[in-house]
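Student: The lines below spell out each chain.
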Amino acid sequence: MVWWKIVARLWQSLIVVAIVTTISFFVIRLAPGDPFSYDSIKITPAVREQLRAERGYDKPLPVQFVRYVTGLAHGEFGYSVTRQRGVGDLLADALPRTLLLAGTSLVLSIVLGVVIGVLQAVHRGEWFDRASSAVLLFLFSLPDFWAALMIMLMFSLWWHVLPAGGIVDATMHDYLPPWRAFVDRLRHLVLPVTSLTLLSLAGITRFQRAAMLEVLPSDFIRTARAKGVPERAIIWRHAFRTAITPIIVLLGLTLAPFLGGVVFVEKVFAWPGLGSLAADSIASHDYDVVTATVIVGAVLVVIGNLISDLLHMAVDPRVRE
Amino acid sequence: MNDVSDDGTSLARGAWQRLLAHRSARWALPVIGLLVLVAIFGPILVGSKGIQQLDVVALKNAPPSRAHPFGTDEVSRDVFARVIAGARVSLAISTIAAALSMTLGTAYGMIAGYFGGRIDTIMMRILDACLSIPRVMILIAVLALWNPELPGVVILLGATGWFGLSRLVRAETLAARRIEYVDAARALGASDLRVLWRHLLPNVIAPVVVTSTLAVGNVIALEAGLSFLGVGVHPPTPTWGTIFFEGASSFAGAWWIAFFPGVAIVATVLAFNVLGDALRDVLDPRSALPERR
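Going down the list, the protein sequences come from chains F and C. Using this note's numbering, you'd call the opening residue of the first sequence number 1 and step up by one each time. Using this note's numbering, you'd call the opening residue of the second sequence number 1001 and step up by one each time.
Hints should not be assumed to be uniformly reliable.
Some chain C residues flagged as far from chain F (calculated, every beta-carbon gap over 10 Å) [as the list claims (entries may be wrong)]:
| # | residue |
| --- | --- |
| 1 | PRO1043 |
| 2 | LEU1131 |
| 3 | PRO1134 |
| 4 | TRP1146 |
| 5 | ASN1147 |
| 6 | GLY1164 |
| 7 | ARG1194 |
| 8 | ASN1203 |
| 9 | GLY1217 |
| 10 | ALA1221 |
| 11 | GLY1225 |
| 12 | PHE1228 |
| 13 | ALA1248 |
| 14 | LEU1270 |
Per label pair, the in silico range of CB-to-CB distance [unchecked claim]:
| # | chain 1 | residue 1 | chain 2 | residue 2 | range |
| --- | --- | --- | --- | --- | --- |
| 15 | F | ASP280 | C | TRP1027 | 38 to 46 Å |
| 16 | F | ILE15 | C | THR1103 | 25 to 33 Å |
| 17 | C | ALA1187 | F | GLY56 | 57 to 65 Å |
| 18 | C | ARG1178 | F | ARG130 | 49 to 57 Å |
For the record, the hints were derived by calculation from the structure and aren't laboratory data. Just so it is clear, CB atoms sit at the ideal spot from N, CA and C, and this is done for glycine as well.
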């Protein structure tokens, strides 16, 4: 029964990816212009037509779509006209960097958010709950790009404690001994990760607080108290275990907006990941790159949703049946 | 049947009174009220000063002074006048976009929840796909490639903001559909449309109101972010996003150009988020919890 459910869930994910691929392909290809319609007096119309023919942009749209999907099935994401490289190569460079940035921030904000949320619920209405709720609501209201810019401004332009952007020091990194090169990488990671963590912390905290508040008045908690279980064990072993399920569900839902934040933070800190790749390729109408980044972004969200659903099934027996 | 509508208004009136008494709404409401006043009357007061180049040489990047409380920008435009003029455009964009999302999301969610079965399955599968597309990425792509004018930007912002709400509305509709008076209405021969409009909509409206309030703040921030990336509203139309974008590059030298629109954005988003939270408390008498799912 469980296996059947997992297979059905996988099948669902595949359909979602197929729909997303179709939507993003047509939304992007139907736009006016193409990668070869840039202004340049050096290129004659005949050469433009030839370039279009080489990359298949002269074919009718449905034919292009079939070609694109066939390519995808063979693991080919197309060709970047402006960078003269396969899109697969570009993604292979950009994706790990985005995963590093997004993954670190996500883990940090979950751990911090869950701990703060539980403490808030336990001390409901006391000064800690009220103060941290106010601070988090403020953080929650900060636009992504604005918060990232302010953090960069303070820590790198005013106080000069951390680098303003990039993943490594552009001039010195290659000459550093291994451990200092590692420290260099870490230093470049601090500000973008801090920005993203602060921005996504509030949502998780609020949710965890609410989930805990719903569990705390339960009968089994009262029973545990009556049996004399220490308060710390009641909170973390009894209540928290029950209250973690909503967070698993929430995670799947917050991934898409979270990825939006990643785009802004990457752009502000010149982090050469998926978001920067997408933002930079759009101005040059590099269609294959734009389509691929949207699809990869969506696939990341779908995988996240899948993991969250499977985890949900693992921890909550009611969902399995 | 008149009783139903009377009951509806008194519910709204009660919620309004509770909102006025709510601790945090008491400062969020005046802030939003002030913003709306500024958006309506501000542009009349400042006239065309928002796009006027006063003195390109003498008033280039002038710091805040008595004559220009927010300073001037690179081409000598008065930043205060631009922020005031931008309030109208920013608020109009976000309100219309949020209203559009609210309508689409409520209609889609209610139809899926009410009819159920195969229709529901197909609609929800499509919704799953939409929820998986990172909104910012698809917006950047569409805005940059299609390069629409202001109405197009508003429609796109609205058309990409209703997926989450739709899920919520569907769940509420599924629950409300099982209430006996819905069966009673259908047994009396009420049409699907009438059941949806008169009996189900009042049941699902609370989360819609809360979500749309939050959405207004969200869209203001989103529009500003997209303008910051250079794909939102076209200059010289002043929105808080475009003013911020113009000032962001010279922040180290002339901080006032980006600082004041930034403060306007943060204050507005914060006010709408606080109001949304307060509405959640007020509209949900079943529970005193801040968040209920």
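Student: With reference to the structure, classify each hint as holding or not holding.
Tutor: Evaluation of the provided hints:
With a minimum CB-CB distance of about 23 Å to chain F, C:PRO1043 clears the 10 Å threshold, and the non-interface call stands. The claim that C:LEU1131 lies off the interface is violated: its Cβ sits roughly 6 Å from the closest Cβ of chain F, which falls inside the 10 Å cut-off. A beta-carbon of chain F is positioned within 10 Å of the beta-carbon of C:PRO1134; the least distance is around 4 Å. At roughly 5 Å from the closest C-beta of chain F, the C-beta of C:TRP1146 falls inside 10 Å, breaking its exclusion from the interface.
Its beta-carbon lying about 8 Å from the closest one in chain F, C:ASN1147 breaks the requirement of being farther than 10 Å from that chain. Not every C-beta of chain F lies more than 10 Å from that of C:GLY1164, the closest at about 7 Å, which undercuts listing it as non-interface. In this structure C:ARG1194 is separated from chain F by more than 10 Å, as the shortest Cβ-Cβ distance comes to about 33 Å. Distance to chain F confirms C:ASN1203 as a non-interface residue, since its nearest Cβ pair spans about 22 Å, more than 10 Å.
Listed as a non-interface residue, C:GLY1217 fails to keep its Cβ farther than 10 Å from every Cβ of chain F; the least gap is roughly 7 Å. Not every CB of chain F lies more than 10 Å from the CB of C:ALA1221, the least distance being 4 Å, so the non-interface label is violated. Against the 10 Å criterion, C:GLY1225 falls within the reach of chain F, whose nearest CB is about 5 Å from its own CB. Remark: the non-interface label on C:PHE1228 conflicts with the geometry, its nearest Cβ contact in chain F lying 5 Å away (cut-off 10 Å).
Consistency note on C:ALA1248: stated as away from chain F, yet its beta-carbon is not over 10 Å from all of that chain's, at 7 Å minimum. The claim that C:LEU1270 is not at the interface with chain F is violated, since a C-beta of that chain comes within 10 Å of its own (minimum 4 Å). A hinted range of 38 to 46 Å for the beta carbons of F:ASP280 and C:TRP1027 is consistent with their spacing of about 42 Å. A beta carbon spacing of about 27 Å between F:ILE15 and C:THR1103 agrees with the range 25 to 33 Å that was offered as a hint.
For C:ALA1187 and F:GLY56, the hinted distance range of 57 to 65 Å is satisfied, since their beta carbons lie about 60 Å from each other. With their beta carbons about 38 Å apart, C:ARG1178 and F:ARG130 fall outside the hinted range of 49 to 57 Å.
The structure shown violates the earlier hints numbered 2, 3, 4, 5, 6, 9, 10, 11, 12, 13, 14, 18.
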